[in-house]
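The listed protein sequences derive, respectively, from chains A and B.
Residues 2 to 176 in our numbering are what the first sequence lists, from first letter to last.
Residues 961 to 1080 in our numbering are what the second sequence lists, from first letter to last.
For the record, the hints were derived by calculation from the structure and aren't laboratory data.
By construction, the Cβ of each residue, glycine as well, lies at the ideal position given by its N, Cα and C atoms.
Treat the hints with caution; some may be incorrect.
[What the hints assert, rightly or not] Stretch-level coverage of chain B by chain A, calculated; a stretch enters the list once three of its residues show a Cβ under 8 Å from a Cβ in chain A:
hint: 1; stretch: 973 to 987
hint: 2; stretch: 1032 to 1046
[Said to hold, decoys possible] Here are the simulated distance ranges between beta carbons:
hint: 3; chain 1: A; residue 1: 15; chain 2: B; residue 2: 1065; range: 50 to 60 Å
hint: 4; chain 1: A; residue 1: 164; chain 2: B; residue 2: 993; range: 46 to 56 Å
hint: 5; chain 1: B; residue 1: 1004; chain 2: A; residue 2: 119; range: 27 to 37 Å
hint: 6; chain 1: B; residue 1: 979; chain 2: A; residue 2: 148; range: 35 to 45 Å
hint: 7; chain 1: B; residue 1: 993; chain 2: A; residue 2: 42; range: 49 to 59 Å
hint: 8; chain 1: A; residue 1: 164; chain 2: B; residue 2: 1030; range: 45 to 55 Å
[As the list claims (entries may be wrong)] Examples of chain A residues toward chain B, derived with CB under 8 Å:
hint: 9; residue: 21
hint: 10; residue: 23
hint: 11; residue: 25
hint: 12; residue: 27
hint: 13; residue: 28
hint: 14; residue: 35
hint: 15; residue: 53
hint: 16; residue: 68
hint: 17; residue: 73
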Amino acid sequence: MTTPIEHLASRLSERFPSAAITVDAPHDSAGPWFLDFADGDYSLGVQWRSGRALGVSAGRAEFGAGAHELFDDVEGAAARVIELVLARGGTRPPTAVRLSELRRGRGLTQTELADRLHVKQAAVSRLENRDDVRLSSLTAAVAAMGGELQLRVKFPGEASLRLSPLGGSDTDGSR
Amino acid sequence: MASKAERFEEFLRRLLAAPAAASASEALSQIGAVLNQVEDELTDIPFDPDSWQDDGRMYPPRPDAERLVPSSEVLRRFRSRGHNTFVSRSGAIEIRDLAGNIVALKAGADGRTVESWRAE
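For reference, chain A alone in the conformation it holds in the complex (with noise of 0.2 Å):
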């Protein structure tokens, strides 16, 4: 069976016939596959697993950095490539993750996430839309997705600070 990396790989091989791609499959098909994309002295990158999204990166690679923009299918993949590719562009890591993309980043759909929450699919696109979330809200979607939400204080030239849970107990005994 073609995996979505394959098939992204095929797209592109049809629409820049001239650019060097490779995709670099795992010895275990359950791990992390990579498409290299070279086209003269253009390049960008492709990663994907099984269960989870399209990864799309462009531009220099630290050591054991994670993908900088997800796409749920092939055809959203094969867009922003092309339109990278056209333009000789880059990516940027996300400065602060949407929850749409934290929830297509564990490979789940609005419904699937609504199972977990026992609320219906437009209760989930309403939060992932909208401006102001109540707390409440936000951690159960997180730990619904097997996270945990945590709050981090941080003054300029301090250590930042797990915030304790908004109305609860001090858990270090500090007070």
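We have chain A already, so just place chain B on it with the hints.
Structure of chain B alone, referenced to chain A:
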């Protein structure tokens, strides 16, 4: 918070200062332990090895990122977004960027480098 370049330099400094590894699994463990220690000390970014999107932290190669190295039973290759990490059966470590430039080189406990195994 130190920059990624500064943290990577510190990772390399500590990796090279550590005793040579004696096996591939020991070399991989050493890379992971040293990198995670540096990131824990020099960043405020929580450790999330399942993070698929760039969260600003550097992560060591995952075991399931292994690729076979053609015609070599001694070398193992682990791919990440911008690098290939090679380890040898005797614990040698070599990290190259995708252009092939060596960014880290450390011999194994037997004194041999990845390149010496590759030349066989």
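Hint check:
no. : hint                          : result
1   : 973 to 987                    : violated (count 0)
2   : 1032 to 1046                  : holds (count 5)
3   : A/15 with B/1065: 50 to 60 Å  : violated, 40 Å
4   : A/164 with B/993: 46 to 56 Å  : violated, 30 Å
5   : B/1004 with A/119: 27 to 37 Å : holds, 34 Å
6   : B/979 with A/148: 35 to 45 Å  : holds, 36 Å
7   : B/993 with A/42: 49 to 59 Å   : violated, 37 Å
8   : A/164 with B/1030: 45 to 55 Å : holds, 52 Å
9   : 21                            : violated, 12 Å
10  : 23                            : violated, 10 Å
11  : 25                            : holds, 6 Å
12  : 27                            : holds, 6 Å
13  : 28                            : holds, 5 Å
14  : 35                            : holds, 6 Å
15  : 53                            : holds, 5 Å
16  : 68                            : holds, 6 Å
17  : 73                            : violated, 12 Å
Of the hints listed earlier, those the structure fails to meet are numbers 1, 3, 4, 7, 9, 10, 17, in rising order.
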